[in-house]
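**Q** Now for the letters of each chain:
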Amino acid sequence: MSVFPALGPLIALTGGALVVLLADAFLKRENKNYLAYLSLAALVVTAGLGVRLWGRNAQAFDGMLRLDDVALFLSFLLLIATAFVILMGMGYIARQDMNDGEFYSLLLLALAGLLIMVSSGHLIVIFLGLETLSVSSYALAGLRRRDARSTEAAVKYFLIGSFAAAFIVFGLALLFGGAGTLEASDIAAAGANMHPLLALAGLALVLAGFAFKLGLVPFHMWQPDVYEGAPTPVSAFFIFGPKAAGFAVLLRLLLPYWQSGVKKEAVFAVLWAVAAASMILGSLVALRQRNLKRMLAYSSIANAGYMLIAVLAGDGTGLLFYLANYLFLGIGAFGALIALSRKGAEYTDLEDFAGIGSRYPWIGGLFTIFLVSLAGFPPTGGFLAKFYVFSTAVREGHVALVLIAVLSSLVSVFYYLRVVVYMYMREPERKIAVDFENPPLFLVLFLCVYGVLQLGLFPANVLALIRHAVSALF
Amino acid sequence: MSIPRLSLVTFLPLAGAVLLIFLPKENKRGLYGVALAFTAVTFALSLPLLVDFDAATADPQFVERTNWLGFGLEYHVGLDGISLYLVLLTTLLMPLAILASWSYIRVRLKEYLFFMLLLETGIIGVFVSLNLFLFYVFWEAALIPMYFLIGIWGGKRRVYATTKFVLFTMAGSLLMLVAAFVLYAAYFRATGTYSFQIFDLYRLSLSPQLQTWLFLAFGLAFAIKVPMFPFHTWLPDAHVEAPTAGSVILAAVLLKMGAYGFLRFAIPLFPDAAARFAPILAVLALIGIIYGGLMALVQKDVKSLVAYSSVSHMGLIMLAIFAGTVAGVQGAIYQMLNHGLSTGMLFLCVGILYERAHTRLIKDFGGVAKQMPVFAAFFLVAVLSSAGLPGLNGFVGEILCLFGIFAANKVWAALAVTTVILAAAYLLWMFQRVMHGPIVNEKIRSFQDLNKRELFYLIPVVILMFWMGIFPGTFLRKMDASVNQYVNRLKNREKVFVARPIAPPLPAAGARAGRAK
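As given, the protein sequences belong to chains A and B, one line each in that order.
Everything in the first sequence is counted per the numbering used here, starting at -3 for the first residue and increasing by one.
Everything in the second sequence is counted per the numbering used here, starting at 3 for the first residue and increasing by one.
There could be a bad hint or two in this list.
Restraint-style ranges between C-beta atoms, simulated for each label pair [stated by the list, open to error]: (1) G32(B) to E433(A): 42 to 50 Å; (2) E433(A) to R447(B): 55 to 63 Å; (3) E26(A) to S105(B): 53 to 61 Å.
Simulated from the structure, these hints should not be mistaken for laboratory data.
A quick note: this is a predicted structure, and the numbers were derived from the prediction, not measured.
Where is the CB? At the ideal position from N, CA and C, for every residue including glycine.
If we strip away everything but chain A, and leave its shape as in the complex, we get (with noise of 0.2 Å):
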């Protein structure tokens, strides 16, 4: 079988990349827009490439490549969001002085990362992709080069990446020399004959590693300087990429402990701790935020700790809805924050949203609907998420973590509300104008609320979706 059906998407993918930095040099500035739709092409290409392979279970490389249908379900809502992004920095590139060419092939090439990280079961692919997305991203969180928090995001976030990264290159060389394989659904059989030892100290180190890239405590301090410095959209961009491939990995990698009997408790507990301690830091320190990219960072750290319950509990269905619908939430959000930037400059403060409600009621009404879903109110897909979450993690015997959980986002209504009041409830001291001159931009605001009532009223079909795919998994 030739491996070609496998690799067509990744090979259209970073073809597209390339072309996009090439055609970078000979466009004039006026029309780098093209450079947007180019890339919107090959985002196009990919996805029809991949739609073929549906049910089809496709490999390269003797099994290292393995594009099962939970892969595509997750490349689908990468390719997704990355579409999303694009649209949403159409407008916003220009504004704040950036290099188009630079942020749509970097965007393009993480991207790439990602779908190699969750289209493989084998680790060291895993790691590939997950160096692929790391070094895009370091760029891409210091593309607004004027600014130096912009920069200061892009060096810190290379420190901790490339220490996470050496964590779980070492994690991975024991656990190589102690299992004699790196396949994540072998590990946990292979070790069995493992020393205890080797086998709990590697996968730790692993397990910190990605801890690290998907910003849960005790390894979250990066996230929200990293999230607040770099470009908006960029900051969209890791709120949902990185969280949807590394949650992925997770996946794979623990539910053959969870089915296994191997050394389940201990590593049990750990994360049990670190998704109780991700949801309450996460909840009470975005309280003390008065930055909306810093709060949104903040609850993204909580939001990784429901996430990382659906993990514990064994949960694909749920964690794969969760991530379709943090999808339309996450980017939303930061959407809703795209919109009040203007050239050079970006109103992120709470005091900057006083008053937007009267003054821009989309805007307003847009960002509420989010910051309510996010809350986890019916009839949005934020409450479907986290009840089929919870529920299934109930079943599962895990109470006292869903309390915990159900209080932290008890504390979450408080300040997404926040948001809300000060929208709706207070007068504005500076007002700030919105540039309603970006239709790409609320394009996006408006499918992501689409996306939010559809998964929250309407379900079944991409609920059938996910069941099919996970089915396959086990």
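Here the structure of chain A is known, so what remains is to put chain B in place on it, guided by the hints.
**A** Positioned in the frame of chain A, the structure of chain B alone reads:
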């Protein structure tokens, strides 16, 4: 296929809200016209439900049931004798509340009407849901519009009041959500199938310990909503700061969601735990009755006086529910309607005063009756109805409640009677200070009596108060079957399924999650 009448009543206001988005915001008459038309048609559609309601059966009627998300998460609605009148109360009061907003709401009218209509759909949905999941969705969804109604159009401390309101309610309902998950899992363990349908869940037999925890979680959510002492502190803030129509809906309908929750969920789902906690809850209800009454006596603000009277009255209703006798439960439901009408009307009257005087402090008034004789008559009817004068609706409800409580526990009944005495004291004293005496404030001389619009929304309530006071049978008989079944269910707890305890949190179970379909 027949017409989905209940869904029509539930979602018609939502359709109106969506329509409002597309209307120009300058057109005040047009916006009000649409909102009024939609609420009025909703009311008109809900009336035939009362006529066609079959009093002979206790089973839910007008049932609609379709699969929504699978795994027991269904769209399942229906009406029985317990929920029937609460739906009608909502549909009746909504158009009146919107009429009462005409001169009160001056800014952002379009959003205001949008949230009012959204609120109506949420509240009706709560009362018609027969699926715990659906109930929770509506329960939470109704919170958001109220949050905005208080937060944008409220008084000076509106942000504090509305945030407190939301956080209190959410704290209770999130714990209830966890309890619902446990229940859902227990049902799955017992039967191997998923269900959130309440009549399925009624048949589930749970261990005493589990019942206790679940009852506490459900009970807390509902006790906050009612509100029962000591969870009542959000209520005076929310009521005082809310705009008139918001207070009306809050007092008349939203509080009933809590009492209804006890009747529909907390008590029948966990009858043993409910029986065990009944004495404690009864004491809390009694404290609420007396404390609310005493607090109402010393209030300087008319609106917070009415708010504390709600605490007292809801205490009586809760006590009657915990008494668990047929008369008590019927009285409680009847008294919920009465309280909705009388307190709703009191808030309307306070709103009318406030629009003229721009103050609600009792000391700023005096002698208003001289300037507004017609209003004085209406206000007096509301006061007397709330105080339980025979011939008006409040009397029937209170006497039924007290009969029911007396049958269960004579000491409770003796203490509960104080509600009548206290109500008469604080209401009549307030009426005397506001309406009679010399005119101390020169502004009062310029007060206009009721205009046509105000008459239009007060008259239906007054007619209904007399009707419910003189011919209570027309209303009570439709409840009989459902209330009897409810009480019987408590007496003979026929539980079919035995739930096994939840497995310990071991990852071994995790493997099943992905596959368990």
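**Q** Determine which of the earlier numbered hints do not hold for this structure and return their numbers in increasing order.
**A** 1
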